[in-house]
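Q: Chain by chain, the residues:
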Amino acid sequence: MRELTYLEAVREAMSQEMRQNEDVFILGEDIGVYGGAFGVTRGMIEEFGPERIRNTPISEAAISGTAVGAALTGMRPILELQFSDFITIAMDNMVNQAAKIRYMYGGKGKVPMVLRTPAGSGTGAAAQHSQSLEAWMTHIPGLKVVQPSTAYDAKGLLKAAIDDDNPVIFYEHKLCYKTKSDVPEESYSIPLGKADVKREGKDATIVATAIMVHRSLEAAAELEKEGISVEVIDPRTLVPLDTETIIESVKKTSRLVVVHEAVKRGGFGGEIASVIAESEAFDYLDAPIKRLGGKAVPIPYNPELEKAAIPGVDDIINAVKETVNRL
Amino acid sequence: MRELTYLEAVREAMSQEMRQNEDVFILGEDIGVYGGAFGVTRGMIEEFGPERIRNTPISEAAISGTAVGAALTGMRPILELQFSDFITIAMDNMVNQAAKIRYMYGGKGKVPMVLRTPAGSGTGAAAQHSQSLEAWMTHIPGLKVVQPSTAYDAKGLLKAAIDDDNPVIFYEHKLCYKTKSDVPEESYSIPLGKADVKREGKDATIVATAIMVHRSLEAAAELEKEGISVEVIDPRTLVPLDTETIIESVKKTSRLVVVHEAVKRGGFGGEIASVIAESEAFDYLDAPIKRLGGKAVPIPYNPELEKAAIPGVDDIINAVKETVNRL
Amino acid sequence: MTQKLNLPPRVAEKDLADLYKQMWQIRFFEEKVDEFFAKGMIHGTTHLAVGQEASAVGSIAVLEDRDKITSTHRGHGHCIAKGAEVNGMMAELFGRTTGYCKGKGGSMHIADVEKGNLGANGIVGGGFAIATGAALTSQMKKEGFVVLCFFGDGASNEGSFHEAINLASIWKLPVVFICENNQYGMSGPAKEMMNVGNVAQRAESYGIPGKVVDGNDIFDVMNGVGEAVDRARNGEGPSIVEAKTYRWKGHSKSDAKKYRTREEEKEWRLKDPIERMRLILVVEGLLTEEEAEKIKADAKEEVEGSVDFAANSPHPTLDDLMEDIYA
Amino acid sequence: MTQKLNLPPRVAEKDLADLYKQMWQIRFFEEKVDEFFAKGMIHGTTHLAVGQEASAVGSIAVLEDRDKITSTHRGHGHCIAKGAEVNGMMAELFGRTTGYCKGKGGSMHIADVEKGNLGANGIVGGGFAIATGAALTSQMKKEGFVVLCFFGDGASNEGSFHEAINLASIWKLPVVFICENNQYGMSGPAKEMMNVGNVAQRAESYGIPGKVVDGNDIFDVMNGVGEAVDRARNGEGPSIVEAKTYRWKGHSKSDAKKYRTREEEKEWRLKDPIERMRLILVVEGLLTEEEAEKIKADAKEEVEGSVDFAANSPHPTLDDLMEDIYA
Ligand SMILES: Cc1ncc(C[n+]2csc(CCOP(=O)(O)OP(=O)(O)O)c2C)c(N)n1
Ligand SMILES: Cc1ncc(C[n+]2csc(CCOP(=O)(O)OP(=O)(O)O)c2C)c(N)n1
Ligand SMILES: [Mg+2]
Ligand SMILES: [Mg+2]
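Taken in order, these protein sequences are the chains called A, B, C and D.
Here full-length UniProt numbering is used: position 140 in the first sequence is 140, and no number is missing along the way.
Here full-length UniProt numbering is used: position 42 in the second sequence is 42, and no number is missing along the way.
Here full-length UniProt numbering is used: position 121 in the third sequence is 121, and no number is missing along the way.
Here full-length UniProt numbering is used: position 311 in the fourth sequence is 311, and no number is missing along the way.
Bound-form chain A, shown alone (with noise of 0.2 Å):
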C-alpha cells in the first residue's frame, strides 16, 4: 500500500471531503497561498479556490464563532487553528456556543464542525506555543475530542469528525506530522470512540496518546528485549473514550501505565487511571496504576530542558518497570 506522512493524510482526508460535500468548507489563518502554518492546506487553495479555503484575519474568536453560526445553519466549516495554545482565544464559542447549543435548545439545532489544531512540544516554540490542552475539552459535556498518532488513523478518524453532527476537536501532534504509514487512497471512516491496539502484550498495559504512542512503541520494543511483554493501546479519541478496550486489556496484564505529553496534574491521565480503578478491572490490578505525564512547567525554550518537561522513552521503560516489579 502507499505510504503517506500524517501531515498529507489529513489534507487528503479534508480534500476528498471537500470534493464529495459542497458545504464542507475550511477557514483558518494563512491557509490559502501560505499553505498554513505547518503546511497542512498546501496547494489546497488552488483546488478549491479561495471560497471554500478561507483565509481569515487573526481572530480566533470570530472565526471559531463563525464556524458555529455556519454549522448551525447548514455548513460542515474545518476550522485550522494555527497552535492549539491559541483555543484560550476560541474558548467561548468551542465551550460556551459549540458544545452547549444542541442541548440548551432542547435538541433543536447541531453543530457539525470540526476544530483542527498542532499540539505539543519539540519544535523550540516555547510555552504559549506547545501545549497539549485536550484535557480542558474532554472535559466539557457536548466536545467529541480526537487524538490520532498515525497517517492512517489522522484519515480515517479526520473523516469521521467530518461527517459527525456535533464538533470535534481534532488535536494533531506536530512531531507526528512527518511520520508515515499506509494509508488507503480511497476514503475511510474510523469510528469515533474505538480505540486500537497498536501491539499486544501481556505483562503490562501502556495507554498512551498522540506522539507518546510513538515513545510507548519504542519502549515496549525495548522491554521486549529484557522478555517484558508489553500491550501499547492507543485511545485514539478521548471523548467518546473506549473504556472497554482498556479494561479487558488490564485484565489481562495486571498493570496499568497511562502516558500523555499534557501536564499529569489535571491531565486526562487522571480520567482513564480513574476509570480503570472503579472499573471491574481493579480486582485484576497487581499494582498501582501509573501516570507518566509533563512536569508542572511551561514548555521551555532550551531543547534539553524542552525534553525533559515531557515523559521520554526512557521514563516509559522504568514505569513499566517498576510496575512489573512491584510484588
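No lab work stands behind these hints, which were simulated from the structure alone.
Just so you know, not all the hints are guaranteed correct.
[Claimed, not checked] Derived, one-sided and incomplete: chain B residues facing chain A with beta-carbon distance under 10 Å:
no., residue
1, 1
2, 33
3, 135
4, 141
5, 238
6, 277
7, 291
From the three backbone atoms N, C-alpha and C, an ideal C-beta is built for every residue, glycine too.
Starting from the known structure of chain A, fit chains B, C and D with the ligands onto it as the hints suggest.
A: Structure of chains B, C and D with the ligands alone, referenced to chain A:
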C-alpha cells in the same frame, strides 16, 4: 465568636487588605454602586472610591490582561469575573500570560493577582452560567487554585491569595454565599495547600470541594446513624494540593470517595483519585476509589433536571455505602 | 396604494396592526414574567425588554421569513417579533417539555432554529460571530437570507464585536448588527464605558455604514434597518444600526437601580414606544381607538393563555436529563 | 543650541548617532540570527524585523528611561532599542543561562521587566491589555511613566485590540499603541484583512487620536510618537500611531513568500530606513561618512561579540527545569 456569611467574609478579607495595602484594588464589571452581580463588593466603592473599586466595561479579555499588566508593574489587583463561565474569554490572559510570565522570563517578573469568580449551579441560570471549570486551571502550571467551602476558610484563604506573589484563581460557590460560620474580626491567613478535615471518621474518607463539602457533611451525619463513620476532607486549595492529609486519611479508613460538582469526566476528581492510587495509600485501599461528579450534560434550566445533573446527598450516601460494603 | 407613512418597501400599512400587536405581546409577556419572578414562581433570572419593544419589532418587521436573527440575554422581544409562540416561550420559562428548549434552556436560551431564530445567548457578545457565520452560509450557499444580530451597548465593548464585524466587513457578508443601546449594561452607563457617543461610530473601523435611529420610534427603526437589510441582501455587506432606547425595569431580577435616577426613568417612560405607535396609527387614521384597544386586549389574552398552557404542560422527567447530548 | 532637524523635545541631535547605531545593531542582530536559523544552529523559530528598524528605534527614542514597552513576537528590535544587551539576547536564542530568560523563553519571550521591557509575546495581540495594565499602575501610583504597546497590522484584528484600547481610552491611561504595519500578518495582506486603509482610523472607535507616520523615516516616527507620548504623560490618554513599514524577510523561519511579489520587496528595499537616516545625517552634516561607517562597524562587532558570548555561556542543567515555577 461573630458569625458572617461566606459572602461577607470574602468582602471583609478584601476590605481589610485594601485598608492595609494601597497596591490592592479591585476591577470588574458592575462592582461599583451595583455591588457586583452577587453583591460581594456592595458598599466598597463608598469606602474606597472609584479609583480602587474600578467598574469596567464588559471586556473580560481586557480586564484580565489589564490585571496582569498592573500586577507585573507593582499593583496587586483583584479581578472579579461575574460568572466563572466567562473565564472562556479571559483564558488567554490567565493561561498564556499570567501563569507563564515568571517562568518564561527566567524568574524575572511576577504577577500577584487574584481572579475571584462565582461558580456552580443551583440558581436556575442554565448552561452558560452554572459551570464548575476549576479543573481547567489546575492543569496549568503557574496557577494556584482555591475553592473555599465556608465563610471562615474564604476569609483566610482570600488573604493568603492576595498576599501571594503569583496568580491565584479563587472560586466562590454561589450556593455557599449565604452559608454562615464563625469568622474572627481580625485579619488572618490560611496557607494555600493545607486541607481541612471537616469531620473525622474511620470507615471511609470523602474528599469533597465547595458545595459538596456541605452535602458530604450531611451525608456523613446520615451515615453515622447507620453506624458508618466518615471522614470528610476539604482540600480547600486544589493547587497546591495537600496530598499528605488525604493519603493519611485513606491509610486510616482504607476507602475513598471523591465528590465534586464539576463534570466527572476530566474533572479534578480524577487527579485526586489517581494521586491516591499512585501513593503508598494504594496498598491500604479495601475498595475501588469512587468518584462522584456532574453528569456529562450542560447544566439544564429546569430545577429538577438541574439538581439531577450533579451529586446530591443521597448519591454520596450510596457511594459511601457501596465502598464500605465492598468485600 | 399610496401610503401615508414613510415605510420601507417590505412593510405595508396593513401590516402595522400586527406589529402593534407584537409590541403589546412583548409588553404583556414581560410584565407577566416580571410578576412571576417577583413572586418566586419562576426559577433563575430574566432580563426584560419593557420599553424596548420598538427596536425588536421594527427591526424584524423588515425581514423576510427566511431571514435569521441572533438574539441576546434580553431576548423575549426578539423571539416574539420573529414569530415565536408565547405559549412555548412561557412554557420554557416554566421549565416544561412544551417549552422551546423542552425546559432545558430557560429565558436566556430560547431559540427556534427552524424558523430562523438562532437563539438568545447568555454570553454578552456571544451572537456576533454566530450571526456572521450564518451570513456566511447564506453567501456560500447563495441562499439570499440576511441575518440580524442584536446586541447591547455593553456588548459593543467585547472583543467579539470587533473581530466578527471586521470579518463580516471584509467578506461583505449579509448581516446587520443592531445595537439596542438602552444606555446601560448591567449598571455601567454606556457613556462611561466608551469614549464615543454612539456605538454606530465604530462602523468607521470596518469601513461600513453606521447609523443611529430612534429606538423608541418603530418607524425610524424600520427605515434604518430596512435600508441596511437591503444593502446586505444586495451583497454590499454589513452595517451597524444603533437604536437608542431604554429599559424600564432593572437589569435582571434583583436590581436596586442605584446607578440611575428615578427622574431619568420617568423621562423615558414618556417616550413609550407603544404609546407612540398607537398615537401615530390613530392620528393617521390607520387604526381606530377601539381597534387599538381590541388589539391590546387580544395580546393580553394570548399572554394570559400562555400561562395556562405553561402551567398545564408536563414537567420533564429525569429520563430527559441525558437526552439531546451526544458526548 | 538650535537644531537642524525637526526633532521631538526628548531627542537632541547629539543622540542621533546612538540611534543610528541601534538601527545597525538590530539589522546585524537579525541577519546573524537569520544565518543561524538557516544553518539549523538555533532551535525553534524566529521573526525578524529587518527593514522595520526605524519604527522600533524611533518610537523608543522619545521615551524616558522609566517608561515601559510591551513587544511582540517580532521583538528583537524593540529590545535593542529599549537598551537590551545583545549578549543576553543572543544567549537567550542559544538557550543559555546568561540569556535574558535563562534560556527558558527564547526569541518570543525576551523581557527585561526591571528596565521597562515588559516582554515580547508569542500571542498576537497579547500585549494590548498588559500595556494597558502597566499604564494603570502608572496612573494609580502616580509614577508618571508612559507605556508603548507595539503591535502589528494583523494584531489589530484581534478582539484584545478593541477591548484594551477602549478601556485605556475611558480611563485616560498613559499608553501609546504603536502599530508597525508591515503590510502582512503571517501571509494575510493587511488590505484584505480589514476594510479600511489604515489601522489608525480605528482610533475613531475610542475617541482618541490616530495618526499615520512613515515607519521607514525615523524622524517622522519620533515626531509622531513623541506627540502621543507627551499627550499620554500629560494625562490626556492614549493614542494610536501607525508606522507604515515592511519586513524584508519572510514571516518566520520558513516562508516561501508566495503571498507577495519580488517587485514589491524590491520597492521597499529602496526605502531602507537605515540608509535613509544615514543620508539625512550626512547631508545635514551631523555625521561624516567615516563616522557613519565606524558606527556601523562597531554595531557589527558588538553583534559578533554576542555570538562569542552566547556560544561560551553555560547551558542550563536539568536542575533548572523546575526553577522559577511555584505552582
Ligand atoms: C461575557 C459576559 N460577560 C458578562 C455577562 C453578565 N452580563 C449579563 S447582561 C450584562 C449587561 C449587558 O449589557 P448590554 O450589552 O448593554 O445589554 P442589556 O443588558 O443592556 O440589554 C452583563 C454584564 C455575561 N452574561 N456575559
Ligand atoms: C493569537 C495568535 N494567533 C495567531 C498566531 C500566529 N501568528 C504569529 S505571528 C502572526 C502574524 C502577525 O501579524 P502582525 O500582527 O501583522 O505582525 P507581524 O508578524 O507582521 O510583525 C501570526 C498569525 C499567534 N502567535 N497568536
Ligand atoms: Mg445595554
Ligand atoms: Mg504585520
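Q: Per the CB criterion, is residue 238 (chain B) less than 10 Å away from chain A?
A: 8 Å, holds
Q: Hold the hint about residue 33 (chain B) up to the distance rule: shortest CB distance to chain A must be less than 10 Å.
A: Violated, about 28 Å.
Q: Given residue 135 (chain B) was flagged as interface, is its beta-carbon under 10 Å from a beta-carbon of chain A?
A: Residue 135 (chain B) check passes; min Cβ-Cβ to chain A is 5 Å, inside 10 Å.
Q: Minimum Cβ distance from residue 141 (chain B) to chain A below 10 Å?
A: 4 Å, holds
Q: Hint check: is the beta carbon of residue 291 (chain B) less than 10 Å from a beta carbon of chain A?
A: With a closest approach of 6 Å, the residue 291 (chain B) hint holds.
Q: Do the numbers back the hint for residue 277 (chain B), that is, is its least Cβ distance to chain A under 10 Å?
A: This hint holds: residue 277 (chain B) lies near chain A, its Cβ roughly 5 Å from the closest one there, short of 10 Å.
Q: When the nearest CB of chain A is found for residue 1 (chain B), is that gap smaller than 10 Å?
A: Cβ of residue 1 (chain B) sits 36 Å from chain A, so the hint is violated.
Violated hints for the displayed structure, listed by number in ascending order: 1, 2.
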